[in-house]
Every structure is written in C-alpha cells, then in structure tokens.
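Colleague: First to last, the sequence lines map onto chains C and E. The opening residue of the first sequence carries number 1 in the numbering used here; numbering runs sequentially from there. The opening residue of the second sequence carries number 1 in the numbering used here; numbering runs sequentially from there.
Think of the hints as simulated: they come from the structure by calculation, not from any bench. Do not take every clue at face value.
Covered by chain C, according to a simulated footprint, are these stretches of chain E (three or more residues, beta-carbon under 8 Å) [unchecked claim]:
(1) 84-91
(2) 98-106
(3) 200-214
Looking from chain C toward chain E, a few residues come up when the C-beta cut is under 7 Å (computed) [to be verified]:
(4) 3
(5) 11
(6) 20
(7) 85
(8) 88
(9) 91
(10) 93
(11) 172
On the chain C side, residues computed to face chain E include the following (Cβ under 8 Å) [unchecked claim]:
(12) 84
(13) 187
(14) 189
C-beta: ideal position from N, C-alpha, C; glycine also.
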Amino acid sequence: MRIVWRRDLIRFTTDRMRIAMMLIQPLLFLFVLGAGLQTLAAASTDGVDLKTFIFPGILCMALVFSAMFNAISLVMDREFGFLREMLVAPVRRSSIVVGKCLGGATVASLQGVILLALAGFVDVPYDPVLLLGLFGLQLLIAFTVTAFGVMVAVRIKQIQTFTTVMQMLVMPLFFLSGALYPVSGLPTWLEVLTRLNPLTYAVDPMRRLVFNHLDISEAARRALDPGVTWFGWRVPTLLEVGIVLALGLAMMAVAISQFTRTE
Amino acid sequence: MNTSTPPTIEVAGLTKTYGEVEAVRGVSFTVARGEVFGFLGPNGAGKSTTINMLCTLARPTSGTARVSGFDVAGERDDVRRHIGLVFQDQTLDGYLTAEQNLRLHAELYGIDPGVIGARMDQMLEMVDLADRRDGKVMTFSGGMRRRLEIARGLMHSPRVLFLDEPTIGLDPQTRSSIWRYIRALQETEGTTIFMTTHYMDEAEFCDRIAIIDRGEIVVLDTPAALKASVGADRVTLGTADDAAALAALRDRFGIEAAMAEGAVTFHVDAGEAFVPRLFAELGVAITSVAVSRPTLDDVFMRYTGSTIRDAETASASDLSRATMRVLSGARR
Chain C
1 MRIVWRRDLI RFTTDRMRIA MMLIQPLLFL FVLGAGLQTL AAASTDGVDL
51 KTFIFPGILC MALVFSAMFN AISLVMDREF GFLREMLVAP VRRSSIVVGK
101 CLGGATVASL QGVILLALAG FVDVPYDPVL LLGLFGLQLL IAFTVTAFGV
151 MVAVRIKQIQ TFTTVMQMLV MPLFFLSGAL YPVSGLPTWL EVLTRLNPLT
201 YAVDPMRRLV FNHLDISEAA RRALDPGVTW FGWRVPTLLE VGIVLALGLA
251 MMAVAISQFT RTE
Chain E
1 MNTSTPPTIE VAGLTKTYGE VEAVRGVSFT VARGEVFGFL GPNGAGKSTT
51 INMLCTLARP TSGTARVSGF DVAGERDDVR RHIGLVFQDQ TLDGYLTAEQ
101 NLRLHAELYG IDPGVIGARM DQMLEMVDLA DRRDGKVMTF SGGMRRRLEI
151 ARGLMHSPRV LFLDEPTIGL DPQTRSSIWR YIRALQETEG TTIFMTTHYM
201 DEAEFCDRIA IIDRGEIVVL DTPAALKASV GADRVTLGTA DDAAALAALR
251 DRFGIEAAMA EGAVTFHVDA GEAFVPRLFA ELGVAITSVA VSRPTLDDVF
301 MRYTGSTIRD AETASASDLS RATMRVLSGA RR
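Let the sequences and hints guide you as you build the complete structure.
Modeller: What follows is the structure in structure tokens.
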C-alpha cells in the first residue's frame, strides 16, 4: 500500500512539466475569468472581489482535475503492462486500490498547496489556521475524487475511453457545484441539481472556512456564503465533510470489490 | 532427473476453457528442482495459458498444479512469493529508473529492507546494467528492458523463474546473453526455470522440453533423446511437380513425404547415400536437394506433422484459435 503510494509520489516529483500544466487551467479561471467578470459582478458582491469568492471553488476544481489525472495512471498501468507486475505480487488487491487512492490524494493536495500559496493575490489572508484547515479539506476532497476516478478506471481498459468519460463527468460536476456562484436563490431545477452534486458539499466548507477569516460586511457574507440548504435547513459543515468522506470510502469499497473480482 | 527430492512443479490433468474454446486440454508433467524446462509450441498452442495458470494469473478449469509445494488455486499468495515472472509484454514502469523499479518490486514482495541494496547490486551486475541503474527505463532498449525484467524477477530469490517467450523480438546477441544469465542462475542459485519459446534453436538449451500443440503435450523428453527418436536424416526436395514427386516417393520407395514450408520433405536413414538413388529412380525433375541431421524442428515435425512455422501460419488463419487468443488477452 505504502509502495503504491510512494510510486505515485516519485512519479509526480519527477514530472515537473505535469505540475506546471496542471496549474494553468485553475490560474486561467481564477485570474482571467475572475478578473474579467469582476466588472460585471462588482455591483452585487458588496465589495468582495469575485476572485476571493471563487478561490475556494477553483481550489476544488484543481483538485478534481489533478486527482482524476492520477486515476488515469491506473488505466495506463493496465495498458502498458505494469499493472500485471502488481497483480502477481503477493499483496492484496485491496491494498493496491487503497494505496492508489491515498497516492492520488497526496499528489493532488501537494498541487493544491501551490494554489494555496497564491491566496494573498486574491485577498485571502495567510492565516496558519485557515491554511491548515484548507489543506485538510483538500486532502479529503482529493481522496474522494481519486476514489471516484479509480472506481471508474478499474472498469476501463483504454486511456482514450477514460479521458472521454472524465471530460463528460468533470465539467458538469464543476459547473453544478457552486464553485463559481452561490448556491442559494437559484432556479429550482438548478438548486436541485447542485444539492445532488457531491462536489457542492466539498466547495461549501472550503468557502465557509475562507469567509470565516475575511473581514467583510454581514450582507456580503449572507449573499456570498449562504451555505447549502435542504428544504430550508442549513446543512452543517461537519455533515458536509461527513458526506464527502463517506462517499469517498464507499467508492473506494466499490473499486476494491471490482478490482478483486477481475482475473 | 533426481527423484529423491519432491518436484518443484507438479501438474496433473490441467485444463482451461474459455467459453467454447479449450485452450489447454489436460496437460500433466513434473519439473525437478534446478531443471531448465522448456515449453515449445506454435503461438496459440496453450503455452501462455498454461504459464498463466501456474503463476496464479488464471484459474484452472479442472486439474491441479502445485508450484514449490503450493497449490496454484488454493494457496495463491504462497505460490506468488516463490515465483519470479518475466512476461511476454514488458511490465516495467518507464517513468521510474532501473533501480526504482527493482526497489518497488522488492518492497512489493516484502524483502527485508536491509538486504535490498546488496541484492539489487548483485542482480544489476548479473545482467550488466549496473552502470545504467539511475537511467529512466523509458530510455532503455528492448534488450535492456528484458534484462532488467529478468533481474527484477529474481530480486526476491524465487524458487522458480517463469519466462514467457523471454527472447522474443530480441537480437541474436541479446538472446545469447540472456541464455547465459539463465544458465548462470541455475548454477549459482539452483533456480528452477520454466520457459516457453517458439524458437527451436533455443529449446536446445533446456534440460527437458515438452512440445505442446493444440492444448496438449505431444511429447516430453531431453532434446538429445527427442532428436534420437527421430533418428533419420531429413531430406528436402524442390521438384518440378511436387504432387507427382509425393506419389512417386510413395510408390517406388514406400516413403510417406509431406509438404513443409513449400518443399517436399521426408525422413530417411543415411540421407546422403539415398540421394543418388533418388535422382536415378524418382522420375520427376529435381530442382534442389538438401539433407540435414535431425534438429528439434524435425522432432516437432515428427510429432505434430508440421513445422512450427507452418503450424503458426495455419493457426493464424484458424478463426477459433484467433478467438481464443483474443479471449485470453482480454482476461489478463
């Protein structure tokens, strides 16, 4: 298990190109889209910069991309044969899956740290408690997303198929998550969809954590960080975190059972 | 072979069917400790399927197999700990260095961290890759990768090393050096080697060979005994009219000749002395003639009725066999 985890780490640290490439997209969203839309949004954000608002969302997006990318390596291993080396070793299949999930979580979170370092540029304070909290959430989200990716990857034999499936899933997840807009006062259909999207429950605690450390007006807080509600009941942060963790564990369990069954 | 110690590999009535296709139909054999045992046959004969079952990668449909005393179906992890594998397709991680690949393997097999370094040095030395230990595997040539895979398969000092077509697609020089390692290994570590090949000349290096065809073992013996069993020399004829030549051989000499690789081929004692008679009495124009001492090719032909290359051409056009390969490939 530790070995599978370490292998992901070695590969990550030796692949600087990948680290750089994976950063481009979140940076585009954050600084280009964020700055561009700021002029439109200024009227309604009560003085809070749009970039500050979408920062937690972009962190999540970066995690999703990078964790999914890590899950691809399982498909690559299958296609390039390395998976066989692991399958014939006297180790349990479950430990391969667990190692993969933890490896993906670590790698994605490390990447997230680079984005965290940019917090100052979007008016998010460098508060150690905040940063630690965000890092913890990153680990959790990255774990769940990798578990999801691995679950899908176990069934797929070709890289092209996997990337197509990922494209199909990642973008809707991202757009329906509240990463780019507050999840209250939406049209009903959209509200329902966001509540069904697991990523919503990952973005919300992150945003809450960031806003807890911002010095802004009460009105702005209410407008921008309304929290996720179920039929008018505000879902507590702890439950949101619990949902993400439970989902991650459940998907990992599915991945393990499928992986163990393949001959 | 030495019969006092229990055999390292013991196989009885092993079969494997994929749907309708019988890939392996009841093979039985034993391999003694320290033996180099070769499985010889055309592609699609069931070699890889058999090796997969012995390595616990495929479950036998029926029959039993014990490797190093452990049952391949019931004691998978024990079997796995005691075997090393070199597959037909490479299974290295190209993004890691040679050393990282070996270390990863050592850790997967739970080797004591204190001895990994020394063992790694020894193995890299053996396959002449010590100077490339920090090179990324994706920069290695096919021969280097194969050598590294052999080194890796041996990291955990397995009792049995399985080599599935270890020299396929390699140049003759690399092939001979790989054979040198295999021999050295058998001498220094007493490792039992089980390998498949479809190169006849390589099968000569084995202590014993089993010829497998259409999922069954047709004969099993030492290369020398197999060649002796053929006995006669092989005569290959090019003629103006092959059909007439076949008929004439049957009628005038009582010889059942066959077409192999496009030439009339038959076996006869004292081939050189026979050729002049042939020219005098055959009655069909002869365009070329060759006489050769028996090789394993002849052994193969004698027991299966075709040369290994003809068997492959035939099996390539055989739809059910092609399906079987696809199936077995998909189940990896």
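Colleague: So, for every hint listed, does it hold in this structure?
Modeller: Structure-based check of all given hints:
1. Counting residues of the segment 84-91 of chain E whose beta-carbon sits less than 8 Å from any beta-carbon of chain C gives 5, enough to reach three: the coverage restraint holds.
2. Coverage of a stretch by a chain is defined here by at least three residues with a beta carbon nearer than 8 Å to that chain's beta carbons; for the segment 98-106 of chain E and chain C the count is 3, and the condition holds.
3. Against chain C, the segment 200-214 of chain E contributes 0 residues with a C-beta closer than 8 Å to a partner C-beta. That does not satisfy the three-residue criterion, and the hint is violated.
4. Hint status for residue 3 of chain C: holds, given a least beta-carbon distance of 5 Å to chain E, under 7 Å.
5. Residue-level restraint check for residue 11 of chain C holds (minimum Cβ-Cβ distance to chain E is 5 Å; threshold 7 Å).
6. At its closest, the beta carbon of residue 20 of chain C sits 17 Å from a beta carbon of chain E; the interface hint therefore is violated under the 7 Å criterion.
7. Because the smallest distance between the Cβ of residue 85 of chain C and any Cβ of chain E comes to about 4 Å, under 7 Å, the interface hint for this residue holds.
8. With its C-beta approaching chain E no nearer than about 6 Å, residue 88 of chain C sits inside the 7 Å limit, and its interface hint holds.
9. Given the 7 Å rule on beta carbons, the hint for residue 91 of chain C holds: about 6 Å separates it from the nearest Cβ of chain E.
10. About 11 Å separates the beta-carbon of residue 93 of chain C from the nearest beta-carbon of chain E, more than 7 Å, and the hint is not met.
11. A cut of 7 Å between beta carbons decides the hint on residue 172 of chain C: the least distance to chain E is about 31 Å, and the hint is violated.
12. With a cut of 8 Å, the hint placing residue 84 of chain C at the interface with chain E holds, because the nearest CB-to-CB distance is about 5 Å.
13. Hint status for residue 187 of chain C: violated, given a least beta-carbon distance of 46 Å to chain E, over 8 Å.
14. For residue 189 of chain C, the shortest C-beta to C-beta distance to chain E is roughly 42 Å, which exceeds 8 Å, and the interface hint is violated.
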